[in-house]
Amino acid sequence: MTHRKFAVLATLAIVALAASSVSRAQGVPSDGVLRGFQPSGEYALLVDGIPVPKAEIYQNDKIPAILVLTSALPSPVLLTPRAGTVETVHIMKVAKQADGTVDLLADAVLAPIGRFEMAGENVKFAYEGRKVSLNPKPPLIGLRQGAELKAHNPEYARGASGYKPNDAAIASLKREPKPVTVRIFFGSWCPHCREHVPYILRVEDELKGSQVKFEYFGLPRPPQAWQDPEVKRLKVGGVPTGIIYVSGKEVGRITGDGWNAPEVLLNKIINGQAAKGK
Amino acid sequence: MIATPTATAQPEAAKAPSHPLLWWIGTFAGAFLGGVLLFAVWAKVLDPLGFAEQIRVEGLDFALPAQSLALIALALETGLGLALLLGLRRSWVLVPAVLLVAFFLSLTGRAWWLAAHGLRSADASCGCFGNLVQRTPAEAFWQDLLLLVPPLLLAFLGRDRRAPRFPPARTAVAAIGSLAVVAFAWKSPELPLDDLATRLRPGVRVGEICAGSEADRICLGSLVPELREGRHMVVMAKLDDPALTKAVDALNAYAGDAGNPTLWLLAAATPEQQRAFFWQWGPVFQIRETPPELLRPLYRRLPRAFAVNDGRVTQTFSGMPPFAANPKDSLERSST
Numbered sequence: 000m001t002h003r004k005f006a007v008l009a010t011l012a013i014v015a016l017a018a019s020s021v022s023r024a025q026g027v028p029s030d031g032v033l034r035g036f037q038p039s040g041e042y043a044l045l046v047d048g049i050p051v052p053k054a055e056i057y058q059n060d061k062i063p064a065i066l067v068l069t070s071a072l073p074s075p076v077l078l079t080p081r082a083g084t085v086e087t088v089h090i091m092k093v094a095k096q097a098d099g100t101v102d103l104l105a106d107a108v109l110a111p112i113g114r115f116e117m118a119g120e121n122v123k124f125a126y127e128g129r130k131v132s133l134n135p136k137p138p139l140i141g142l143r144q145g146a147e148l149k150a151h152n153p154e155y156a157r158g159a160s161g162y163k164p165n166d167a168a169i170a171s172l173k174r175e176p177k178p179v180t181v182r183i184f185f186g187s188w189c190p191h192c193r194e195h196v197p198y199i200l201r202v203e204d205e206l207k208g209s210q211v212k213f214e215y216f217g218l219p220r221p222p223q224a225w226q227d228p229e230v231k232r233l234k235v236g237g238v239p240t241g242i243i244y245v246s247g248k249e250v251g252r253i254t255g256d257g258w259n260a261p262e263v264l265l266n267k268i269i270n271g272q273a274a275k276g277k
Numbered sequence: 000m001i002a003t004p005t006a007t008a009q010p011e012a013a014k015a016p017s018h019p020l021l022w023w024i025g026t027f028a029g030a031f032l033g034g035v036l037l038f039a040v041w042a043k044v045l046d047p048l049g050f051a052e053q054i055r056v057e058g059l060d061f062a063l064p065a066q067s068l069a070l071i072a073l074a075l076e077t078g079l080g081l082a083l084l085l086g087l088r089r090s091w092v093l094v095p096a097v098l099l100v101a102f103f104l105s106l107t108g109r110a111w112w113l114a115a116h117g118l119r120s121a122d123a124s125c126g127c128f129g130n131l132v133q134r135t136p137a138e139a140f141w142q143d144l145l146l147l148v149p150p151l152l153l154a155f156l157g158r159d160r161r162a163p164r165f166p167p168a169r170t171a172v173a174a175i176g177s178l179a180v181v182a183f184a185w186k187s188p189e190l191p192l193d194d195l196a197t198r199l200r201p202g203v204r205v206g207e208i209c210a211g212s213e214a215d216r217i218c219l220g221s222l223v224p225e226l227r228e229g230r231h232m233v234v235m236a237k238l239d240d241p242a243l244t245k246a247v248d249a250l251n252a253y254a255g256d257a258g259n260p261t262l263w264l265l266a267a268a269t270p271e272q273q274r275a276f277f278w279q280w281g282p283v284f285q286i287r288e289t290p291p292e293l294l295r296p297l298y299r300r301l302p303r304a305f306a307v308n309d310g311r312v313t314q315t316f317s318g319m320p321p322f323a324a325n326p327k328d329s330l331e332r333s334s335t
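Respectively, the protein sequence lines represent chains Y and E. Counting in numbering that gives the first Met the number 0, the first sequence runs without a single skipped number right up to 277 at its last residue. Counting in numbering that gives the first Met the number 0, the second sequence runs without a single skipped number right up to 335 at its last residue.
If you're looking for bench data, these hints aren't it; they were derived computationally from the structure. Computed from a predicted structure; not experimentally measured. It is possible that some hints are incorrect.
[Stated by the list, open to error] Far from chain E, some chain Y residues (derived; all Cβ distances over 12 Å):
id, residue
1, P28
2, A54
3, Q58
4, A125
5, G128
6, S171
7, G257
[To be verified] Computed cross-link-like contacts, PhoX-like style, restricted to lysine-lysine with a CA-CA straight-line distance of at most 25 Å:
id, chain 1, residue 1, chain 2, residue 2
8, E, K245, Y, K61
9, Y, K130, Y, K149
10, Y, K212, Y, K149
11, E, K186, Y, K61
12, Y, K61, Y, K123
13, Y, K173, Y, K267
No residue lacks a Cβ here, since even glycine has one placed at the ideal position from N, Cα and C.
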């Protein structure tokens with residue numbers, strides 16, 4: 000056998016082995032526990048003090064654990080609250096799913112690299128000499144559009160797609176002839192806003208092209224939230240609060256229990272009647 | 000000098016009620032005021048720790064511990080309430096009643112003044128909610144004024160000054176009643192009275208557990224909409240309470256079993272406190288910030304827990320639920 004023939008055969012063997020390896024990897028199921036990580040909008044990543052806006056941060060509430068995917072670090076990082084551990088996993092063992100979630104493969108090997116520390120609200124750890132920090136995202140402040148909320152926190156988009164608004168109320172609102180503006184005061188830091196604001200984002204999607212328009216006013220964290228001049232002027236007592244204007248005049252508010260089905264209350268306030276069937 | 004019959008009769012006549020109608024009005028007004036005071040006692044005697052907490056919040060515990068003050072106040076309020084209810088309208092009852100009413104009004108008036116001058120912000124909440132007031136400080140002042148002052152003034156009418164100053168039977172009832180209330184309040188926190196003393200009891204719907212008024216009204220059913228359907232176990236606790244932190248393993252184990260009802264933790268905690276709890280303790284159950292105005296009427300002492308089935312409270316537990324009540328035992332059992 001000549002050297003050339005040997006080289007060709009060896010190359011073919013390596014390719015075949017690699018192909019086999021890849022196919023095996025593709026066939027490896029997801030880990031039974033380390034799976035179903037949801038995109039999280041709660042934290043921002045900083046490496047050596049520099050923000051990494053493109054970092055993908057996922058959270059699994061059932062373990063619980065946080066998974067950080069970023070090209071700014073050599074490997075994906077898994078943080079486990081309470082245990083305080085920081086582990087790395089090979090990028091090939093991270094599988095993104097069609098629904099946007101992320102799984103680790105069953106044969107993923109977690110390599111401990113240390114422990115994280117809490118510094119105030121920030122979670123800090125070291126990775127190959129880099130100082131890594133997970134900080135709570137700064138709140139969205141001021142007048143915003145719905146798309147900005149969805150971009151800021153994937154939970155908003157997820158919540159909006161999961162909400163089923165009342166058909167009768169939506170149909171009625173679509174027929175509204177007068178210009179209506181709904182200004183929603185919210186806090187991107189507020190868990191109740193993450194629960195309820197997605198409902199109105201979905202309602203906004205449903206009412207695209209109608210006379211009903213939506214805008215969102217983000218507040219800083221308390222106590223500053225309650226000192227905001229707009230909050231004081233309009234006497235907003237908590238978030239989320241939706242103020243409804245018809246032809247520029249306030250006609251009512253979405254507050255408290257009204258957030259269970261905001262489109263129903265919105266329709267009731269505008270048209271003076273509750274939509275049936277909810 | 001021997002007094003003439005006329006001279007002695009005049010003071011007696013002056014002490015007699017001027018008109019029977021006034022006597023009746025005064026008696027009914029006094030009884031009404033007594034009833035109001037006793038109703039207030041009932042609410043406080045079931046939860047004396049809550050009453051002591053209010054005393055602390057108002058800063059009235061500068062001379063005595065708040066719990067001692069609470070017991071003294073309950074004794075005084077009960078004694079006066081019973082005396083008025085039993086028709087005792089002598090100066091030793093009415094003068095302290097005036098002082099007590101003046102004290103209550105000074106408290107609500109002070110709260111109103113502080114709020115009006117921005118010294119006690121109505122928006123002092125640290126979480127998503129403002130201050131979910133049932134009634135504004137101004138409303139509280141005027142309501143107390145209208146409820147307490149007219150009957151108190153009317154109670155002065157038609158007083159029968161010829162009657163004995165300390166009628167033995169009625170005085171004894173007022174004194175014994177006061178002592179009984181103090182004794183009951185002393186032991187009350189240890190008695191199984193949570194269902195009676197709070198708004199949380201089996202049969203109540205989560206949509207009926209609300210705080211705030213009008214547009215700001217918020218109910219448990221909208222804070223945790225998931226409670227309206229299915230089976231749930233809800234724990235109310237402070238995030239830094241060792242009773243909770245010791246039980247996290249047991250709670251996590253419970254929440255991790257798909258066959259169990261969904262587990263929730265209600266806490267008057269800010270998002271920042273929740274985040275800190277998440278990293279330190281790693282809960283796998285959901286924590287929902289609950290405004291204190293909604294949470295406080297649901298317990299006498301934390302932690303407290305309750306089971307919910309399709310939106311209705313089916314069972315309550317003083318302390319942690321049974322599976323987490325003795326975390327050490329539960330961990331030992333689970334490890335064997």
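Verification of the hints:
1. P28: The assertion about P28(Y) holds, with a minimum of 19 Å to chain E.
2. A54: Label holds. Min Cβ-Cβ 18 Å, cutoff 12 Å.
3. Q58: The claim breaks: Q58(Y) does not keep its Cβ more than 12 Å from every Cβ of chain E (closest is about 10 Å).
4. A125: holds (17 Å)
5. G128: holds (23 Å)
6. S171: holds (22 Å)
7. G257: violated (8 Å)
8. K245(E) / K61(Y): holds (19 Å)
9. K130(Y) / K149(Y): With Cα atoms ~29 Å apart, K130(Y) and K149(Y) exceed 25 Å; violated.
10. K212(Y) / K149(Y): holds (17 Å)
11. K186(E) / K61(Y): violated (42 Å)
12. K61(Y) / K123(Y): Cα-Cα ~22 Å, so holds.
13. K173(Y) / K267(Y): holds (13 Å)
Violated hints for the displayed structure, listed by number in ascending order: 3, 7, 9, 11.
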